[in-house]
Amino acid sequence: MIEVLAAGPLTTVQDSGRPGWAHLGVPPSGSADPQALALGNRLVGNDAGAAALEATLSGPRLRFRVTALVAVTGAETEASNRPLEVGAGEVLEVGRFLNGVRAYVSVRGGIDVEPVLGSRSTDLLSGLGPPQLREGDVLPIGREPPTAPQLDLAPPPPFPAEPTLRLLLGPRDDWFAPNALAGTWRVSPSSNRVGVRLEGPPIERIRHEELLSEGVVTGALQVPPSGQPILLLNDHPTTGGYPVLGVVHADDLPLAGQLRPGQRLSFVLRHSGASAGTP
Amino acid sequence: MIEVRRAGEHGVVLELQDNAAAVRVARGLASEPGLVDVVPGHRTVLVTWEDERPELIKLAEAALGDDEAAPIGAFVEIPVRYDGPDLDEVARLTALSPEEVAARHMRAEYIVGFLGFAPGFAYLLGGDERLRVERRVEPRERVPAGSVALAGPYSGIYPRESPGGWQLIGSTTTVLFDATRDSPALLSPGDRVRFVPA
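From first to last, the protein sequence lines are chains Z and R. Residue numbering for the first sequence follows our numbering, starting at 75 and increasing by one per position. Residue numbering for the second sequence follows our numbering, starting at 51 and increasing by one per position.
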């Protein structure tokens, strides 16, 4: 059992989420930096998608009632990227983040809250899964997995100060002026797990009719009438009525999940090519 | 004719003629192995896959040509009280009496076009054209669960308390979404719906 002494600004339980339920309106959820979640779980010997704690902006303070093997990954902290043994009764203080915005606390055995639709993730948009952590909560730890911790890992590269995200154009890139995404964009403080809101010169539309609602994926860059795009993260609604200019490459989603308010970023556009229209 | 639009490395949006075609293709693809999500929209289907891109056009065309795959959804009756805070406003906008708004809303048979916005939130098509109203200028921060609402061509029911901008004309106690049920959403794409007096 883990006792929450201080929850931090926003700490939730996240695993690999709820893919496969989008047709019923259920968001994917899951960790916003899946690479960091997988690394933390490897360090403690869990399955890559086991449930961990996702802390936002700064870390929680946790008292372990039993001895546990723990790893902190994602946003860089004093304790990052190595397995830590926390003794029974000891306190893990995740503390301040040196960069990035989301850190993961993985515990050998995983956070064993009740799964909902196959996932233990907190969905902040829909209210599925456990609520965000509060002081005084007690979290169960799951059974030890048969797999051993893997320690022979190179440390992950630091987050770039001004990242460039690869964006595959479509499905609605033809609704916008060419070069609409040139230049740098600034991350708005109103960003959250639903989406990263970007500020910059308004994106110009060349088609002005209303889009009939259609399915959207994590990483989609959705453009509302204001022209200020929203990069959808894991708790995004499953359908949307704003055209999507392009989708961030899956390998760059971990960077998107670590964007800090005020940070600048740019996009490098990739065309889906003529073959996109053929099966 | 199916138009294919790219939606990331592992997804496409199939653009179809109308909602009936979208529902049909979505149902045809639903149990295809290797796919992650098959999400109908108003007249599109978003398809995402795990590793290998499947032969989607062939599968979609087969679904469109296959009468067996035609949307024969469940028939669901939803008991409603027409007591919504926007009922008078909808009556004013449509130049009908509140009683006529309710009567026309109950007379239509709806088809679940697609879901979205929230778990279990169904966009119902096929309503009375006369009841077509715009969304509210000022969305509400809190719409109660079970609110029956109108916006554009759609009717909908809010499954849980949430923000919302649709015109609220009534309420139901029917549970639209329950994650512990075998099929968590009461309404699925292609189902037929009728509103009846509570």
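For the record, the hints were derived by calculation from the structure and aren't laboratory data. C-beta atoms are modelled at their ideal positions from N, C-alpha and C, and glycine is treated no differently. Do not take every clue at face value.
[Claimed, not checked] Covered by chain Z, according to a simulated footprint, are these stretches of chain R (three or more residues, beta-carbon under 8 angstroms): (1) 53-61; (2) 89-100; (3) 187-196; (4) 227-237.
Quiz prompt | Which numbered hints fail | solution = 3
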